[in-house]
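Visitor: Now for the letters of each chain:
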Amino acid sequence: MRGNNQTKGVKLMKKILLGTAVLAFSAGMALAQDTVRMGTEGAYPPYNFINDKGEVDGFERELGDELCKRAELTCEWVKNDWDSIIPNLVSGNYDTIMAGMSITDERDQVIDFTQDYYPPTESAYVAASDGVDIKGGIVAAQTATIQAGYVAESGATLVEFATPEETVAAVRNGEADAVFADYDYLVPLVEESNGELMFVGDRVPLGGGVGMGLRESDTELKEKFDAAITAMKEDGSLNDLLKKWFGDEVATY
Amino acid sequence: MFSYCADPESLGTIAWFSCFLTTGVHLSFYLAFFKVLGLLAVTAPVALAFGFIGAMTARSHFLPLSLIGRAYIAIVRGVPDIAFFMFFVIALDQAFEWTRHKLLCPEWTQPIRQGNDFIVCAAAKLPLGTAPQWVHESYAFFLALITFSIVFGAFAANVLYGAMRAVPRAQIETAEAYGMTHRQSFWRILVPQMWVYALPGLSNLWMVLIKATPLLFLLGLEDIVYWARELGGTKTPKFTDYPHGDWRMWYFLALLIFYLGCTRVSEVLLERLMKRLTHGQATLGGEAQRKAAA
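As you go down the protein sequences, you meet chains A and B in turn.
Counting in this note's numbering, the first sequence runs from 1 upward without gaps.
Counting in this note's numbering, the second sequence runs from 1 upward without gaps.
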């Protein structure tokens, strides 16, 4: 009885070992077709946000999925805090950043960008009342954005917040005189505010457009995405997406 | 969630909320509570173990060992938490991947560090690039667990180190007089008696740990504070079926109740534990217990 059991045990063991060997082998095969992990913030509508189902949604989600399809890549979306979005990219926790990130020289020294998939953005001031002093008052902006850099140099007092939502909330509760952010982010907020919020001052063109961030060493992946973006610009599908998410007045290619 | 949720705009208040509070994002929010509780449940014993080992090494009579223990306590206690959570986790992850890279891909010729980039071969990636998202999340959770344990372990080590020295010298002398070895007097006399001195310090650490969990988001894990901020923020009809104004106050109120509840439960349990530990101890509390019973 005992001996019999043992041989059974050995047989079972062999089966399991064989099973894991096959698994390991297929895992090795699958490595050739790696998943591209797309990092985003998920807090910047209409660029990217979390929808009611808890999934990443928005302009960049739709664009990114289309780019992956054209480049024949399997993509997966991951959320990461804005503050640590670049360190986690260079450390290899995900492979791209699509988070409404403007192409700037400062960032370009650390990571690489594809060509822009959103034309150089205009930023705008929003305040709770007309006649706010945007050059000398208190202006809110998100930490580590081109807008924060601009405000700091404009002579106004800069208050920084970790998320875009908080910058607008600061204006609503009077903590800041105005908020300085991407025009397209502010439009739906102003429209829905029933006159509580309004645009003040002129719009300011900033940055070199929004592009996809990649590791500097990932030249192959960058070329694939660049080619896909070029193709989408040529056949007009990128313009359609832009209009769908940002309205008909948006700048197109 | 419910069949009538297809058109939220037409719903009455109660039905609207029943739909609103059961959307996918809200389920993630509820799940995050379990994530936080799970992290606490696992981190506390692991950190205590780290602390115990740290205190033992710091007390060691063998100088190099003692220096290692003391360096661990001093360095980790000295580094700001936020710096630790921003950089240590990335460094830890890179250390794992570097080791795996050296073991698994010996034929790799490119440098691992290329400018700012950290590149290891695909087989050395942790988790593998092909792994599903839940594996990535579990791995992040595991990294968070180690980091929390190391940080809180250092504080616990200092508390235990002090507690070990607070046990009256006479107790050890008596043990030695009975002929116990160093090891025996440590395990049989010192350790059972030190907890009563350690508990106030440890309970402080536990309270701080409960409230430190929002640091999880720095590690890429979505904790309850992240979701409260995300869900409570103004939602415009363009991007959701359930538009609402700035409701962060209500979400944070819910968190407040949760945290206060945690604190209250901990207090009750710690008080009971303290009573037990005091029993028969040569402390004021122990003496009071003895007199009350007599």
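Any given hint could turn out to be false.
Said to hold, decoys possible - Covered stretches of chain B, going by a simulated chain A footprint (3 or more residues, C-beta under 8 Å):
{"hint": "1", "region": "24 to 38"}
{"hint": "2", "region": "122 to 135"}
{"hint": "3", "region": "160 to 173"}
{"hint": "4", "region": "218 to 225"}
{"hint": "5", "region": "229 to 238"}
{"hint": "6", "region": "262 to 268"}
Claimed, not checked - Pairs of lysine-lysine residues, derived as DSS-like cross-links and limited to a Cα-Cα distance of at most 27 Å, are as follows:
{"hint": "7", "chain 1": "B", "residue 1": "125", "chain 2": "A", "residue 2": "222"}
{"hint": "8", "chain 1": "B", "residue 1": "275", "chain 2": "B", "residue 2": "211"}
{"hint": "9", "chain 1": "B", "residue 1": "275", "chain 2": "B", "residue 2": "291"}
{"hint": "10", "chain 1": "A", "residue 1": "233", "chain 2": "A", "residue 2": "244"}
{"hint": "11", "chain 1": "A", "residue 1": "53", "chain 2": "A", "residue 2": "244"}
{"hint": "12", "chain 1": "A", "residue 1": "53", "chain 2": "A", "residue 2": "243"}
{"hint": "13", "chain 1": "B", "residue 1": "35", "chain 2": "B", "residue 2": "102"}
{"hint": "14", "chain 1": "A", "residue 1": "69", "chain 2": "A", "residue 2": "233"}
{"hint": "15", "chain 1": "B", "residue 1": "35", "chain 2": "B", "residue 2": "211"}
{"hint": "16", "chain 1": "A", "residue 1": "244", "chain 2": "B", "residue 2": "238"}
{"hint": "17", "chain 1": "A", "residue 1": "69", "chain 2": "A", "residue 2": "53"}
{"hint": "18", "chain 1": "B", "residue 1": "238", "chain 2": "A", "residue 2": "53"}
{"hint": "19", "chain 1": "A", "residue 1": "243", "chain 2": "A", "residue 2": "135"}
{"hint": "20", "chain 1": "A", "residue 1": "69", "chain 2": "B", "residue 2": "125"}
{"hint": "21", "chain 1": "A", "residue 1": "222", "chain 2": "A", "residue 2": "244"}
{"hint": "22", "chain 1": "A", "residue 1": "243", "chain 2": "A", "residue 2": "69"}
{"hint": "23", "chain 1": "B", "residue 1": "211", "chain 2": "A", "residue 2": "233"}
{"hint": "24", "chain 1": "B", "residue 1": "35", "chain 2": "A", "residue 2": "243"}
{"hint": "25", "chain 1": "A", "residue 1": "224", "chain 2": "A", "residue 2": "243"}
{"hint": "26", "chain 1": "A", "residue 1": "244", "chain 2": "A", "residue 2": "69"}
{"hint": "27", "chain 1": "A", "residue 1": "243", "chain 2": "A", "residue 2": "222"}
{"hint": "28", "chain 1": "A", "residue 1": "53", "chain 2": "A", "residue 2": "233"}
{"hint": "29", "chain 1": "A", "residue 1": "224", "chain 2": "B", "residue 2": "125"}
{"hint": "30", "chain 1": "A", "residue 1": "53", "chain 2": "B", "residue 2": "35"}
Just so you know, these hints were derived from the structure itself, not from any lab.
Where is the CB? At the ideal position from N, CA and C, for every residue including glycine.
Visitor: Each hint needs a verdict: does it hold in this structure or not?
Guide: Verification of the hints:
By the rule of at least three residues with a Cβ nearer than 8 Å to a Cβ of chain A, the coverage given for the region 24 to 38 of chain B holds, with 4 such residues. Counting residues of the region 122 to 135 of chain B whose C-beta sits closer than 8 Å to any C-beta of chain A gives 7, which meets the bar of three, so the coverage hint holds. Against chain A, the region 160 to 173 of chain B contributes 0 residues with a C-beta closer than 8 Å to a partner C-beta. That does not satisfy the three-residue criterion, and the hint is violated. With 3 residues bearing a CB less than 8 Å from a CB of chain A, the region 218 to 225 of chain B meets the requirement of three and the coverage assertion stands.
With a cut-off of 8 Å between beta carbons, the region 229 to 238 of chain B has 7 residues touching chain A; three or more are needed, and the interface restraint holds. Against chain A, the region 262 to 268 of chain B contributes 0 residues with a C-beta closer than 8 Å to a partner C-beta. That does not satisfy the three-residue criterion, and the hint is violated. Only pairs whose Cα atoms come within 27 Å are accepted, and residue 125 of chain B paired with residue 222 of chain A is accepted, the gap being roughly 20 Å. Taking the CA atoms of residue 275 of chain B and residue 211 of chain B, the gap is about 25 Å. The hint holds against a cut of 27 Å.
Restraint check for residue 275 of chain B and residue 291 of chain B: the C-alpha separation of about 14 Å stays at or below 27 Å, so the hint holds. At roughly 15 Å between alpha-carbon atoms, residue 233 of chain A and residue 244 of chain A fall within 27 Å of each other, so this suggested pair holds. Pair hint residue 53 of chain A plus residue 244 of chain A holds up; C-alpha atoms about 21 Å apart against a cutoff of 27 Å. Proposed proximity of residue 53 of chain A and residue 243 of chain A is supported: the alpha carbons are some 24 Å apart, at most 27 Å.
Taken as a hint, the residue 35 of chain B and residue 102 of chain B pair is broken in the structure, with Cα atoms around 33 Å apart against an allowance of 27 Å. With a CA separation close to 15 Å, the supplied pair residue 69 of chain A and residue 233 of chain A stays within the 27 Å bound. Restraint check for residue 35 of chain B and residue 211 of chain B: satisfied, since their Cα atoms lie roughly 14 Å apart, inside the 27 Å limit. Restraint check for residue 244 of chain A and residue 238 of chain B: satisfied, since their Cα atoms lie roughly 11 Å apart, inside the 27 Å limit.
Simply put, residue 69 of chain A and residue 53 of chain A have alpha-carbon atoms about 23 Å apart, close enough for the 27 Å limit, and the pair holds. In summary, the hint linking residue 238 of chain B to residue 53 of chain A is supported, as the alpha carbons are separated by about 15 Å, within the 27 Å threshold. With a C-alpha separation of about 32 Å, the suggested pair residue 243 of chain A and residue 135 of chain A falls outside the 27 Å cut-off, and the hint is violated. Taking the CA atoms of residue 69 of chain A and residue 125 of chain B, the gap is about 24 Å. The hint holds against a cut of 27 Å.
The straight-line distance between the Cα atoms of residue 222 of chain A and residue 244 of chain A is roughly 26 Å, inside the 27 Å bound, and the hint therefore holds. Among the hinted pairs, residue 243 of chain A with residue 69 of chain A is consistent with the structure: their alpha-carbon atoms are about 21 Å apart, no more than 27 Å. As the CA atoms of residue 211 of chain B and residue 233 of chain A are separated by approximately 48 Å, the hinted pair breaks the 27 Å bound. Between residue 35 of chain B and residue 243 of chain A, the direct Cα distance comes to roughly 39 Å. Violation of the 27 Å bound is thereby established for this hinted pair.
Distance hint between residue 224 of chain A and residue 243 of chain A is fulfilled; the C-alpha atoms sit about 24 Å from each other, no more than 27 Å. Taking the CA atoms of residue 244 of chain A and residue 69 of chain A, the gap is about 19 Å. The hint holds against a cut of 27 Å. Note on residue 243 of chain A and residue 222 of chain A: the hinted pairing holds, with a Cα-Cα distance of about 25 Å set against a maximum of 27 Å. Simply put, residue 53 of chain A and residue 233 of chain A have alpha-carbon atoms about 30 Å apart, too far for the 27 Å limit, and the pair is violated.
Between the alpha carbons of residue 224 of chain A and residue 125 of chain B the distance comes to roughly 22 Å, so the proposed pair stays at or under 27 Å and holds. The hinted pair formed by residue 53 of chain A and residue 35 of chain B meets the criterion: a straight-line CA distance of about 19 Å does not exceed 27 Å.
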